[in-house]
Amino acid sequence: MQQARRKIATYRIATVACLFVVLLNTWIAGRAVATLFQAEHWLAHTLEVLTQTQATLFEVSSANNNVRAYMLTGDPQYSERFAKAQKGLEEDLDRLQADTSDSKTQQARIRTLRSRVAVRMEAMESVINLHRRVNGSTLDQSLVAPALNESPDGGISVRYALQQIENEERRLLDQRTRDASSARRNVIFSVISATVLDIVLLLLAFELMVRAQRSRLALADRAEVIAKLNADLQATNATLEERVQERTRELQVSNQELEAFSYSVSHDLRAPLRTIDGFSLALKEDFSEILNEEGQDYINRVRNGVQRMGSLIDALLQLSRVTRSEVQRERVDLSQLATNVFNELQAAEPDREVQWVAQPGVQVLADPRLIRIALENLIGNAWKFTSRTPSPRIEFGSSLRDEQTVYFIRDNGAGFDMYYVDRLFTAFQRLHGDRDFKGSGIGLATVSRIIRRHHGNISAESQVGLGATFYFSLGA
Amino acid sequence: MPTAENMILLVEDDPDHEALAIRALRKANVANEIKVARDGAEAIEYMNGIASGVNAMPQLVLLDLKLPKVEGLDVLRAIRAADKTALLPVVVLTSSDEERDIVASYRLGVNSYIRKPVNFTDFAEATKQLGMYWLLLNQCPPTP
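From first to last, the protein sequence lines are chains Y and L.
Just so we're aligned, residue 1 is where the first sequence starts under UniProt numbering, counting upward by one.
Just so we're aligned, residue 1 is where the second sequence starts under UniProt numbering, counting upward by one.
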């Protein structure tokens, strides 16, 4: 995103720079063209001045010729022509003066020219007047000659003055021609370089445009890919959601089935047991006279079997209830709870002497009802398996294991072979025969399920004849 | 209105349990007349009979929860809904110790909830105490 923004900023700066360069080019070319126009204007001007100079010279010689012709012929037509040339000369000089107003030296020269022309004209006029006075008779040429001929002294020569002006203008013409051609070269150079530069810039701009277009297309492609991915992801999410909901429904259904199952276990399995027990007792009570000892023993065995079946059903129900009920954690004083459980066991069998050692003040966050069932099973096991130990002892406490707090119930009872430790927490798996220790084989499976429902772990360590220790953690 | 002094209505679908319950009551020297309804529908029919004055008002109802046709809890609901039987002492006597059954029974206004133990000796003991308490000690509400 930031890269794209930086790119756009670069494009903007490049565009502004290009625009500036193009404008600069146009200005330089324009200036060169203006210079050329000026140079050409001056060139034309100089040419005009030169023409004017030639015209002036022509008028001067025309006046001279007419005076000479008048002298020879006395024809008044020539004197008229002279007057005309004189007038034209006046106009020519005026124009020349106006044309060379840009140059002070030329003006000075023209002033000199004017005075010389005036002197010449005066001389010619006087010759004409002289001729009129003598009225046709031939004039002495020696009188006329100085007025008509150019004096050898260049200082007063009109022709010489004109020559100077012309020379100056020719020099100017040369210079201005050079200026104009240089300006022309300048114009050509600047126009060509500007054009080349503009073309280069144009190509550059085109390249940038192509690149921008290409990256825009790439972005569009990428956006398309992303959109497709998003759509896929959404579809997957929807499917996933659907599957989760389906699984949840399935789980709910199976939970309901389980619930219905344990409910009917609690009702329907107990009912026939009660019948068996009730009628066997009735049999024993009402017909004890006709039953011998063996028969009575059989009845007792029937009733014992029924009792065992009853407690198995109770244990199974407890196991299923542990799975079904929600774990609701509260602060529980585990030390106090364990001690209470032990005291209840002691109260049920007051004849046994068992030493109880509990670490005080162990507090946990756990479901109080479930954790009580776990402790009842664990301490109940310890109570049971120390029944044949000479000074039995049961211990409760907590310790650190792999940076985790674990709680333990330890006894010095019968213990078990660690080889079978994996079977310990599975329902109906027993490591001791009923002959030695009675049990349902469900208690530790229930404990394991309770601990797992608390996101904790349970493990056991034991040695045959040296007791067992059950460790459990309670997770978070 | 026909009255049967100290009559017990036993709602029980299992004939074995019916026999055992009667035996236990007799063993506990409960001499009261015992009427039996064998399912929920029969029990409700009997209750309707009380309302219309055909059947006698029992002194105590022993109600099993898991019954054919109409559930025990529905019978309890019907008993509590009718004016005449609203105050009738009802004791639930069942195999279930499911918490929701216990809670639902008390919500519907049961007077006592007893779980039938598997062991018949324990059951006989419970029945004896039940008879003692509800038939001798407990003061029943006046018959409306």
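Source of the hints: derived by calculation from the structure; they are not laboratory data.
Please note: incorrect hints may appear among the correct ones.
Per label pair, the in silico range of CB-to-CB distance [said to hold, decoys possible]:
{"no.": "1", "chain 1": "L", "residue 1": "19", "chain 2": "Y", "residue 2": "399", "range": "17 to 25 angstroms"}
{"no.": "2", "chain 1": "Y", "residue 1": "357", "chain 2": "L", "residue 2": "27", "range": "45 to 53 angstroms"}
{"no.": "3", "chain 1": "Y", "residue 1": "348", "chain 2": "L", "residue 2": "106", "range": "26 to 34 angstroms"}
{"no.": "4", "chain 1": "L", "residue 1": "97", "chain 2": "Y", "residue 2": "344", "range": "15 to 23 angstroms"}
{"no.": "5", "chain 1": "Y", "residue 1": "356", "chain 2": "L", "residue 2": "45", "range": "19 to 27 angstroms"}
{"no.": "6", "chain 1": "Y", "residue 1": "330", "chain 2": "L", "residue 2": "53", "range": "47 to 55 angstroms"}
{"no.": "7", "chain 1": "L", "residue 1": "41", "chain 2": "Y", "residue 2": "420", "range": "27 to 35 angstroms"}
{"no.": "8", "chain 1": "L", "residue 1": "106", "chain 2": "Y", "residue 2": "305", "range": "43 to 51 angstroms"}
{"no.": "9", "chain 1": "L", "residue 1": "53", "chain 2": "Y", "residue 2": "246", "range": "41 to 49 angstroms"}
{"no.": "10", "chain 1": "L", "residue 1": "41", "chain 2": "Y", "residue 2": "288", "range": "22 to 30 angstroms"}
Beta carbons: idealized from backbone N, C-alpha and C, even for Gly.
Tell me, in ascending order, the numbers of any earlier hints that this structure violates. Violated hints (numbers, rising): 1, 5, 7, 8, 9 and 10; every other hint is consistent with the structure.
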